Amino acid sequence: MKLHTPIDKNKLKNLNAGEEIYISGTIYTARDSAHKLLLQMINNNEKLPFELNGAVIYYAGPSPTKPGEIVGSIGPTTSYRMDKYTPDILKEGAAILIGKGSRNEEVKISLLENGAIYCAALGGAGALMASKVKSSSLVAFSELGPEAIYKLEVEDFPVIVVNDLKGNDIYECH
Amino acid sequence: MKRISFNNIVNSIKDSVIEINCVASKELLNKYDTGIMRENNELSKKVLINLKQNAIIAKEKMIPICQDTGTAVLFLEIGTEVVIDGGFIYDAIYEGVKLGYQEGYLRKSIVDNPLSRNNTGNNLPPIIHTKLVEGDTLSIVLLAKGAGSENMSAIKMMAPSEGINGIEKFVLETVKNAGSNPCPPITVGVGIGSNFEGVALLAKKALVKEFFEIPEDPNITKIEKDLKEKLNLLNIGPQGFGGKTSVFDVAILMEPCHIASLPVAVNINCHVIRHKKLVF
Ligand code: SF4
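Going down the list, the sequences are from chains H and A.
Last residue of the first sequence: 187 in the numbering used here, with the numbers rising by one and none dropped.
Last residue of the second sequence: 1031 in the numbering used here, with the numbers rising by one and none dropped.
These aren't lab readings, by the way, just hints derived from the structure by calculation.
Any given hint could turn out to be false.
As the list claims (entries may be wrong) - Within a straight-line C-alpha distance of at most 30 Å, the following computed BS3-like cross-link-like pairs (lysine-lysine) qualify:
#, chain 1, residue 1, chain 2, residue 2
1, A, K765, H, K79
2, A, K797, H, K26
3, H, K24, A, K796
4, H, K79, A, K896
5, H, K164, A, K797
6, A, K927, H, K121
7, H, K147, A, K797
8, A, K810, H, K79
9, H, K145, A, K995
10, A, K777, H, K145
11, H, K121, A, K995
12, A, K859, H, K97
13, H, K145, A, K796
14, H, K49, A, K859
15, H, K164, A, K859
16, H, K79, A, K1027
17, H, K79, A, K803
18, A, K973, H, K49
19, A, K810, H, K145
What the hints assert, rightly or not - Not close to chain H: a few residues of chain A, all C-beta gaps over 12 Å, as computed:
#, residue
20, S756
21, N759
22, K777
23, Y845
24, R858
25, I906
26, K907
27, M909
28, D968
29, P969
30, I974
Keep in mind the model is a prediction, meaning the values are calculated, not measured.
Note that beta-carbon positions come from the ideal geometry of N, C-alpha and C, so glycine has one too.
Please work from the sequences and hints to get the whole structure.
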């Protein structure tokens, strides 16, 4: 299944846990510290550095870009550390979250309530994921170094559906 | 007396830090292959094929196999007849780690303070364990240790009466709880004995056991084999999507302990095994 950004949430309804999807378009990286700052901005009603509605968020902190390359190694980080912030991010309309590892019940419920899905990228496959990135630019929080928010243009970025909208979880259904 | 130059240590550490992060060893590629052959679930097989492909891309481009290029952990064995010419040995290691992470475009993942959390910007400090040994050899075992798997590790001070069954139960529980988080297939280092701080170190050292001359103990080999089989029946599988390859290996190290104690530690390493031994 191929998906293009911004994501039309209607297209997510029929996806199944364990299914591979290929995302093309714009995705944004954000991990621990970026989530913390985004939440502060949401709570203060400040304008966010990117449109969360329909967004794809990738929990990743790349290694530095080598001269001549588009981006460094860029695999997913473990998602549970973002659980605390996730329901609020989903309320703002984020459609697909990408990381690795399982989520808590609150996040799973919030995904269903907001019609969003959680997917896994391959953990420890940052070089492979980097080969799907066509351009990369810094969007916000440069002071965070690898934890800053990057805007990535990706082509056929491969992820696997973990939590679908039927309530299934690939980590639990085998 | 053997004289080893400060710069020789700096350069060797620098090169090795880059190499272990970007170039997968033959052993690791073989482990992927064995897994690919064993898995009959399509998704699990594909995951392993992609992990191997990732390692191949990383080597071609000399970029990190995984973006979390880890904490540098070093086990030093310093012969009492070794003299370092031109500086202090820890300074050489710091310099080598710093240069390696800078020049190799590796990610700097260390914060200066666990609460205020500012990135040190050069991946310093490394974690160094030093042992004095007889003779005129300096050996350094170097690991790049990612946090995803480190965070899933555990330690328990057990009652001696719990014995081997209790130990197995604890290892199984720890790996099961870790699930997909530590990027399986994992390697499980188990420390048994010593004391609270000693057992954690044993578990870490178990991950690189092959680099130390440890006489083989058939009892331990059997426990390792049994545990590996049991863990692979947990059906965690590559990346947690199910399958037969949840762990690549189990390695155990034991040491004497107090009559009232049975310390056990489980240190988990992800599929990206990054380590090397340097001998001067
Ligand atoms: S656990 Fe290992 S493979 Fe996974 S992200 Fe961390 S360092 Fe990379």
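Against the structure, the hints:
Between K765(A) and K79(H) the alpha-carbon distance is near 17 Å, which keeps this suggested pair within the 30 Å criterion. The suggested pairing of K797(A) with K26(H) holds, with an alpha-carbon distance near 25 Å, which does not exceed 30 Å. Taking the CA atoms of K24(H) and K796(A), the gap is about 28 Å. The hint holds against a cut of 30 Å. Annotation: proposed proximity of K79(H) to K896(A) holds, straight-line Cα distance about 22 Å (limit 30 Å).
For a cut-off of 30 Å, the pair hint linking K164(H) to K797(A) stands: about 28 Å separates their Cα positions. With a C-alpha separation of about 20 Å, the suggested pair K927(A) and K121(H) falls inside the 30 Å cut-off, and the hint holds. For the hint linking K147(H) to K797(A), the alpha-carbon distance of about 24 Å falls within 30 Å, and the restraint holds. In summary, the hint linking K810(A) to K79(H) is supported, as the alpha carbons are separated by about 14 Å, within the 30 Å threshold.
A distance of roughly 29 Å separates the Cα atoms of K145(H) and K995(A); the hinted pair therefore holds under the 30 Å criterion. Only pairs whose Cα atoms come within 30 Å are accepted, and K777(A) paired with K145(H) is accepted, the gap being roughly 26 Å. Proposed proximity of K121(H) and K995(A) is supported: the alpha carbons are some 27 Å apart, at most 30 Å. For the given pair, K859(A) sits about 25 Å from K97(H) by alpha-carbon distance, which is consistent with the 30 Å threshold.
Taking the CA atoms of K145(H) and K796(A), the gap is about 21 Å. The hint holds against a cut of 30 Å. Simply put, K49(H) and K859(A) have alpha-carbon atoms about 20 Å apart, close enough for the 30 Å limit, and the pair holds. Distance hint between K164(H) and K859(A) is fulfilled; the C-alpha atoms sit about 20 Å from each other, no more than 30 Å. With a CA separation close to 24 Å, the supplied pair K79(H) and K1027(A) stays within the 30 Å bound.
For a cut-off of 30 Å, the pair hint linking K79(H) to K803(A) stands: about 22 Å separates their Cα positions. At roughly 47 Å between alpha-carbon atoms, K973(A) and K49(H) are farther apart than 30 Å, so this suggested pair is violated. Among the hinted pairs, K810(A) with K145(H) is consistent with the structure: their alpha-carbon atoms are about 17 Å apart, no more than 30 Å. Every beta carbon of chain H lies more than 12 Å from that of S756(A), the smallest distance being close to 29 Å; the non-interface claim holds.
Against the 12 Å criterion, N759(A) stays outside the reach of chain H, whose nearest CB is about 26 Å from its own CB. Once the 12 Å rule is applied to beta carbons, K777(A) is consistent with being away from chain H; the minimum gap is 18 Å. Every beta carbon of chain H lies more than 12 Å from that of Y845(A), the smallest distance being close to 20 Å; the non-interface claim holds. For R858(A), the condition that its CB be more than 12 Å from all CB atoms of chain H is violated, with the nearest at approximately 4 Å.
Distance to chain H confirms I906(A) as a non-interface residue, since its nearest Cβ pair spans about 20 Å, more than 12 Å. Non-interface call for K907(A) relative to chain H: holds, since the shortest CB-CB distance, roughly 22 Å, exceeds 12 Å. At the 12 Å boundary, the C-beta of M909(A) stays outside the reach of chain H, the nearest C-beta of that chain being 27 Å off. The beta carbon of D968(A) sits about 32 Å from the closest Cβ of chain H, which is more than 12 Å, so the claim that it is off the interface holds.
Every CB of chain H lies more than 12 Å from the CB of P969(A), the least distance being 33 Å, so the non-interface label holds. With a cut of 12 Å on Cβ distances, I974(A) stays outside the contact zone with chain H, its closest approach being about 27 Å.
The structure fails hints 18 and 24 (numbered hints given earlier, in ascending order).
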